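Those protein sequences? They're chains A and B, same order as listed.
Quick note on my numbering: the first sequence kicks off at 1 and runs consecutively.
Quick note on my numbering: the second sequence kicks off at 1001 and runs consecutively.
Please note: incorrect hints may appear among the correct ones.
Calculated pairs, DMTMM-like style, for lysine to aspartate or glutamate (alpha carbon to alpha carbon, straight line, at most 20 Å) [to be verified]: (1) B/Lys1263 with A/Asp54; (2) B/Lys1180 with B/Asp1190; (3) A/Lys49 with A/Glu28; (4) B/Lys1254 with B/Glu1307; (5) B/Lys1254 with A/Asp76; (6) B/Lys1020 with B/Glu1043.
Under 8 Å between C-beta atoms, here's a sample of chain A residues computed to sit facing chain B [unchecked claim]: (7) Ala68; (8) Glu99; (9) Trp222; (10) Ile230.
Hints in this document: simulated from the structure, not taken from any laboratory.
Remember, predicted model here, so these are calculated numbers, not experimental data.
From the three backbone atoms N, C-alpha and C, an ideal C-beta is built for every residue, glycine too.
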Amino acid sequence: MSEPVRGPVREVAVVAFGQSEHVPDSAETSEVEMLMPVLHDVLAQTGRKARDIDFTCSGSSDYLAGRAFSFTMALDGVGAWPPIAESHVEMDGAWALYEAWVKILTGEADTALVYAYGKSSPGDLREVLTRQLDPYYVAPLWPDSVALAALQAQALIDSGITDARELAGIGARSRGGADADPGRRIVGPLRTGDCPPVVDGAAAVILAAGDTARRLVDRPAWIRGIDHRIEAHSLGVRDLTDSPSTRLAAERAGAFEAPVDTAELHAPFTSQEVVLRRALRLDAPGGTVRVNPSGGALAANPVMAAGLIRLGEAAAAIHRGASDRALAHATSGPCLQQNLVAVLEGER
Amino acid sequence: MSNAATAKEPVAVVGVGQTKHVAARRDVSIAGLVREAAQRALEDAESTWAEIDAVVIGKAPDFFEGVMMPELYLADALGAVGKPMLRVHTAGSVGGSTALVAANLVAARVHRTVLTLAFEKQSESNAMWGLSLPIPFQQPLLAGAGGFFAPHVRAYMRRTGAPDTIGSLVAYKDRRNALKNPYAHLHEHDLTLEKVQSSPMLWDPIRYSETCPSSDGACAMVLTDRSGAARAPRPPAWVHGGAMRSEPTLFAGKDFVSPQAGKDCAADVYRQAGITDPRRQIDAVEMYVPFSWYEPMWLENLGFAAEGEGWKLTESGATALDGDLPVNPSGGVLSTNPIGASGMIRFAEAALQVRGQAGEHQVDGARRALGHAYGGGAQFFSMWLVGAEAPVG
Chain A
1 MSEPVRGPVR
11 EVAVVAFGQS
21 EHVPDSAETS
31 EVEMLMPVLH
41 DVLAQTGRKA
51 RDIDFTCSGS
61 SDYLAGRAFS
71 FTMALDGVGA
81 WPPIAESHVE
91 MDGAWALYEA
101 WVKILTGEAD
111 TALVYAYGKS
121 SPGDLREVLT
131 RQLDPYYVAP
141 LWPDSVALAA
151 LQAQALIDSG
161 ITDARELAGI
171 GARSRGGADA
181 DPGRRIVGPL
191 RTGDCPPVVD
201 GAAAVILAAG
211 DTARRLVDRP
221 AWIRGIDHRI
231 EAHSLGVRDL
241 TDSPSTRLAA
251 ERAGAFEAPV
261 DTAELHAPFT
271 SQEVVLRRAL
281 RLDAPGGTVR
291 VNPSGGALAA
301 NPVMAAGLIR
311 LGEAAAAIHR
321 GASDRALAHA
331 TSGPCLQQNL
341 VAVLEGER
Chain B
1001 MSNAATAKEP
1011 VAVVGVGQTK
1021 HVAARRDVSI
1031 AGLVREAAQR
1041 ALEDAESTWA
1051 EIDAVVIGKA
1061 PDFFEGVMMP
1071 ELYLADALGA
1081 VGKPMLRVHT
1091 AGSVGGSTAL
1101 VAANLVAARV
1111 HRTVLTLAFE
1121 KQSESNAMWG
1131 LSLPIPFQQP
1141 LLAGAGGFFA
1151 PHVRAYMRRT
1161 GAPDTIGSLV
1171 AYKDRRNALK
1181 NPYAHLHEHD
1191 LTLEKVQSSP
1201 MLWDPIRYSE
1211 TCPSSDGACA
1221 MVLTDRSGAA
1231 RAPRPPAWVH
1241 GGAMRSEPTL
1251 FAGKDFVSPQ
1261 AGKDCAADVY
1271 RQAGITDPRR
1281 QIDAVEMYVP
1291 FSWYEPMWLE
1301 NLGFAAEGEG
1311 WKLTESGATA
1321 LDGDLPVNPS
1331 GGVLSTNPIG
1341 ASGMIRFAEA
1351 ALQVRGQAGE
1361 HQVDGARRAL
1371 GHAYGGGAQF
1381 FSMWLVGAEA
1391 PVG
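Construct the entire structure; sequences and hints are all you get.
What follows is the structure in structure tokens.
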């Protein structure tokens, strides 16, 4: 693969982050109603109006809402009048942030609003996610997301990389309790404590370039590197105990060039945190990396927003001085098929 | 905005690939369909899968094939394993937006060579009902896209005094152009203007022959930087300007006949490309015309004709293949509509024109061409202007 002619020429930072309260069922709230307070929050943090933002990009999935073009309604909530420069990825909002980062690098924008939302409550998320699978050979069997994650967890246990006790510990730490009760079995070896809650929620960030970022916030969270990679779809051709795409993305994002103090990992299942820690070398001897101080996706997993929230939480830690160099990770697809890694730094 | 804009890497289209668009490709899977277009784009660029740094894929709603986020399953077929893969979805404008996202990766120097692709396998579903959203998302009795757009066509006719013959002229012209395009879906050799005019009325004033077909198809392009373009075996098309604009679906101030987002998007592209008189400076236009009356409407929206004058340009024959402003020499969306790919086909056909690679539907001496796409309730716009010469600066 060829190398870039020269590296990105502009400094880009996350300058604001907001998220909704994540709730199990928001039947009384539309996507727009869920999103509006979050958008107003990040705009207020930077003292900007929607019309002051040069580029807007969102991430969501029609399949959650159960209707085609569901994102068009969310746009109405942004206030796209006069018309705005805007785009949308049918992915987690972390990839919308990536598109916005590229847009700022071209010099065509100095600021960008990125948002994502997911409302899983209208359907059965485990069944909905089966529609992500190969439509000819796998999807007709309806293997649900927990069953696929269980295959991965069992592979990890079989290879001696982890055990049920470690998994229970990850679950308990993520949810902020000392209680390591793994809960009842869902799909062996996964127990309720190993699986993410199904919630509805939204998140937004604002990106800004160079001096604009310095004007907007005391301590911008500079994106020092960001990269994402995808793997083969079929589980049969992947080593489920490893995540080469995460490792490659981390390398390309410069994650291994200096130690990080904080890592926000998008690991909806406890077993996936084990895979990611290894790929990202977070368990190095003498290491003091705080992993998922926010609680991670095991505490709140609004599908399509959970990856963007990892970037936002990492940035917010830098904004408030709790971190100097943070790693953020987002994932998509079954068993960590696609992974994004970003390195964020504050000025010391 | 900062002067960093001048530091952008020039972007070149060096490979274009399409499938032969048809009503139903029962012989291939979705993966087989996209692979075919991608392979043809690589062959045109005399490039290999290994030279591709990233893949940007687009399509219109996932409900059309019933696969949620199909890019996950398509990673293997598109040689994306181990590479970055982005999935864009901006409704009907998606094919254009996808190409622009890919172009930005090169312009920002994040990657040198990017494969971009858009597809739709409409035979897997029924677009008419896929676009008829349930209440409360949409008003009752809005059947398909035609039901949504027909009142706005009627508004255009009332506003401009256009005679009701204009739509049939466009449909007849585009279907005749399609006969020169081997990839076009509809090849209606025995079509006459009278047949268009006597075809059944579907959504008054839109007749059957003035509507787009439902197609299976894919379109792909290889985009690269200056050094990649220097190695290209055939002339590249250079991107001189590209933009997207969005506005809300419904609000009191919206002009459905000539949306502000479309005007703003065109103005941004023209500014980037140094176009001050589009009617004289642009040699060919690939315009998103799913219903025939959108040609005169967009001629005005894109600045090729004064307000109220678009239908006169169409009527004069200026937009015919041998006119001085050929619109849709490929046959356009009226002849080929794999929805998610339709915008990219407009962008790719514009590139073929300035590369001199458009075959029988080549516009003589085309140096600058506009690719145009729109989507949603005429609310999402994406456009690019490509030229035979590299941009200056």
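How about A/Trp222: closest beta carbon in chain B under 8 Å, or not? 16 Å, violated
Does the nearest C-beta of chain B fall within a distance shorter than 8 Å of the C-beta of A/Glu99? Holds - the Cβ of A/Glu99 comes within 8 Å of chain B, reaching about 6 Å at its closest.
Would the hint linking A/Lys49 and A/Glu28 be met if the CA-CA limit is 20 Å? The given pair, whose Cα atoms are some 27 Å apart, is violated under the 20 Å limit.
Is the Cα-Cα distance between B/Lys1254 and A/Asp76 20 Å or less? 12 Å, holds
Tell me if A/Ala68 is really an interface residue toward chain B, meaning its C-beta lies closer than 8 Å to one of theirs. Where the cut-off is 8 Å and the nearest Cβ of chain B is about 4 Å from A/Ala68, the hint holds.
Is B/Lys1263 close enough to A/Asp54, meaning Cα to Cα at most 20 Å? 17 Å, holds
Satisfaction of hint between B/Glu1307 and B/Lys1254, Cα-Cα up to 20 Å: With Cα atoms ~16 Å apart, B/Lys1254 and B/Glu1307 stay inside 20 Å; holds.
Please work out if B/Lys1180 and B/Asp1190 have their alpha carbons no farther apart than 20 Å. This hinted pair holds, its Cα atoms lying about 14 Å apart.
Assess, step by step, whether the Cα of B/Lys1020 is no farther than 20 Å from the Cα of B/Glu1043, and give holds or violated. Judged against 20 Å, a Cα distance of about 16 Å means the pair holds.
With chain B as the partner, please determine if A/Ile230 meets the hint condition of a C-beta pair closer than 8 Å. 4 Å, holds
The earlier numbered hints that this structure contradicts are 3 and 9.
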